[in-house]
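Asker: Here is what each chain is made of, one letter per residue.
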Amino acid sequence: NAGVTQTPKFRILKIGQSMTLQCAQDMNHNYMYWYRQDPGMGLKLIYYSVGAGITDKGEVPNGYNVSRSTTEDFPLRLELAAPSQTSVYFCASSLPGQGTEAFFGQGTRLTVV
Amino acid sequence: GENVEQHPSTLSVQEGDSAVIKCTYSDSASNYFPWYKQELGKGPQLIIDIRSNVGEKKDQRIAVTLNKTAKHFSLHITETQPEDSAVYFCAATKEKGGKLIFGQGTELSVKP
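Chain order of the listed sequences is A and B.
Residues 1 to 113 in the numbering used here are what the first sequence spells out, letter by letter.
Residues 1001 to 1112 in the numbering used here are what the second sequence spells out, letter by letter.
Chain B extracted, bound-state conformation (with noise of 0.2 Å):
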């Protein structure tokens, strides 16, 4: 079955800089990789995703890029704002059978 590595486990950064979490999977099958962000005392929210027929997807300050070939995904966060601090999930699924794979998560900590 499909199985999910993420790595840091814990990212300290400076406000202002840039944060670079990563991803990788060993389903070859797996074709949508959503990132979460949680935030403390609560659920996962969906943060962004991409699909396996892009590359790269971008929103303001958060981009996602994809190597189908490595089998890797990496979420990047810009311009780093104290908010930003959460623990954020990558996951990978298949279009059709239901289960949701989730990495071990990575404890991002913006400092002012």
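Chain A on its own, in the form it takes in the complex (with noise of 0.2 Å):
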């Protein structure tokens, strides 16, 4: 299985530019997650997902917009790129249900200039 897999790895994009975050995964899990990571500042929820069709805000959502039309899929898109949205985004999913591991990507390393 690949588990979590996100795409892009690495994106530089210019101010006022738009973008979609890919993230697909093969295990059949309901909940899907969007987060960012900033130096010192934790993991921030940005978009959550229980189930196809269904999507809803985190902390952070502002700037940010998803969607679920599949199992599978849970792409992030940023409409127009703001220097403060440079960081790292990691796409995770789990089952429903107490105590069950959320399973992580490896991340999207975004640079906005």
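Just so you know, not all the hints are guaranteed correct.
[Stated by the list, open to error] For lysine to aspartate or glutamate, the following DMTMM-like pairs were computed, each having C-alpha atoms within a straight-line distance of at most 20 Å:
{"id": "1", "chain 1": "A", "residue 1": "9", "chain 2": "B", "residue 2": "1039"}
{"id": "2", "chain 1": "B", "residue 1": "1037", "chain 2": "B", "residue 2": "1056"}
{"id": "3", "chain 1": "A", "residue 1": "44", "chain 2": "B", "residue 2": "1056"}
{"id": "4", "chain 1": "B", "residue 1": "1094", "chain 2": "A", "residue 2": "38"}
{"id": "5", "chain 1": "A", "residue 1": "57", "chain 2": "B", "residue 2": "1002"}
{"id": "6", "chain 1": "B", "residue 1": "1057", "chain 2": "A", "residue 2": "101"}
{"id": "7", "chain 1": "B", "residue 1": "1042", "chain 2": "A", "residue 2": "56"}
{"id": "8", "chain 1": "B", "residue 1": "1042", "chain 2": "A", "residue 2": "79"}
{"id": "9", "chain 1": "A", "residue 1": "57", "chain 2": "B", "residue 2": "1056"}
What the hints contain is simulated information worked out from the structure, not anything from laboratory work.
With the hints as a guide, bring both chains together as one complex.
Answerer: And the structure:
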């Protein structure tokens, strides 16, 4: 199994550009998450989804959008990139219910210049 | 919503010593508390977890304790080794709801 796959691994964007960070999992997990990780700030939840067709805001959703048309895919969209969105982005997935492990992708390092 | 505070942000210990990382949470409805380890350039990986009906759980050199009344939980690593050096995150969530909220992370350095 591939687990959670994120693409791309690295990206440099200019201010105002848009892009989509891809995330796919092959474990048939219902729950999927997007986090951003800034130095010394831990992992902040951007958006999450408890199943296909259902998405909800996390702690820091502004400037981002998500969709969940299938169980496998959970893309994160940046519409107008800003320097404040420079970060490392992690996608994760898990089964529903108490005490289930979240599996993380390898991360996407995004720089906005 | 849930808020998780984690301390310390950095921790340096000598090989063989113990390391303790502490977290507090705000939502009394949270009932699952995992700990993740993140090595350089990788995504976090689960190392141990505890549920709210248990006060302590141990797995070899790693243990976690939970105090529901005080809403805090801790990670204990004994006989630390250089390969324990990493960033550790605590997290909290409810059984149903989906949100998994993390603390700020602790960078542990084990000096040989």
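Asker: Next step is simple, just say for each hint if it's right about the structure.
Answerer: Verification of the hints:
Distance restraint check for residue 9 (chain A) and residue 1039 (chain B): the Cα-Cα separation of roughly 16 Å lies within the 20 Å cut-off, and the hinted pair is therefore satisfied. Note on residue 1037 (chain B) and residue 1056 (chain B): the hinted pairing holds, with a Cα-Cα distance of about 19 Å set against a maximum of 20 Å. Among the hinted pairs, residue 44 (chain A) with residue 1056 (chain B) is inconsistent with the structure: their alpha-carbon atoms are about 27 Å apart, more than 20 Å. The hinted pair formed by residue 1094 (chain B) and residue 38 (chain A) fails the criterion: a straight-line CA distance of about 25 Å is larger than 20 Å.
Among the hinted pairs, residue 57 (chain A) with residue 1002 (chain B) is consistent with the structure: their alpha-carbon atoms are about 13 Å apart, no more than 20 Å. Restraint check: the Cα-Cα separation between residue 1057 (chain B) and residue 101 (chain A) comes to about 16 Å, which is no more than 20 Å; the hinted pair holds. For the hint pairing residue 1042 (chain B) with residue 56 (chain A), the CA-to-CA distance comes to about 26 Å; that exceeds 20 Å, so the pair is violated. The straight-line distance between the Cα atoms of residue 1042 (chain B) and residue 79 (chain A) is roughly 26 Å, outside the 20 Å bound, and the hint therefore fails.
With a C-alpha separation of about 32 Å, the suggested pair residue 57 (chain A) and residue 1056 (chain B) falls outside the 20 Å cut-off, and the hint is violated.
Comparing the model with each numbered hint stated earlier shows that hints 3, 4, 7, 8, 9 do not hold.
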